[in-house]
Amino acid sequence: MSAEAAAALAAFERDWPVTVRLPVVWGEMDAFGHVNNVVYFRYFESARIACFERVGYTSLMSNDGIGPILAHTECRFRLPLEYPDTVTVATRIADLSAQGFLMRYAVFSHRHGRLAAEGTGRVVSLDYRSGTKTDLPADLAERLSALQ
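Counted the way the working numbering counts, the sequence shown spans residues 1 to 148.
Because the hints were derived from the structure by calculation, they are not lab data.
Note that the structure is predicted; figures quoted are calculated from it, not measured.
Check the hints yourself; a few may be wrong.
Beta-carbon label-pair distances, calculated as ranges [claimed, not checked]:
#, residue 1, residue 2, range
1, G33, S130, 15 to 21 angstroms
2, D135, S46, 23 to 29 angstroms
3, A11, D95, 21 to 27 angstroms
4, D30, T86, 42 to 48 angstroms
Glycine included, C-beta positions come from ideal geometry on N, C-alpha and C.
Put together the whole structure using the sequences plus the hints.
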């Protein structure tokens, strides 16, 4: 990675509270020679789960049956990714409400030294026992708020 790309990556990582580094693997590419669009949503998922683990959302689900469910997601593709590369996928919380929040995502290409994609995901809190939306527990909402 060039010094310029390394500086851009360092600045990118400072701006996002949750980041995950992932290799771009050969099998993620499609017939057109670039990473298939569905893979970007898997990248977002990896960052989302890392965020949930950080704030204890996954353990809340196993203890109380309350957990996250993805209600909506979207992606804006800015740069086609190809093997070999490494990406840093980042997320932050936005628009926190009583029953959910918006997550913002970004995918940074180490090879190109710039943003490859950005997106959002609307997450709601679900009581998996009853199958209904529920309020976020106050302590979880506080931890999520810290990641805005």
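Under the constraints set out in the numbered hints, which ones does this structure not fulfil? 1, 4
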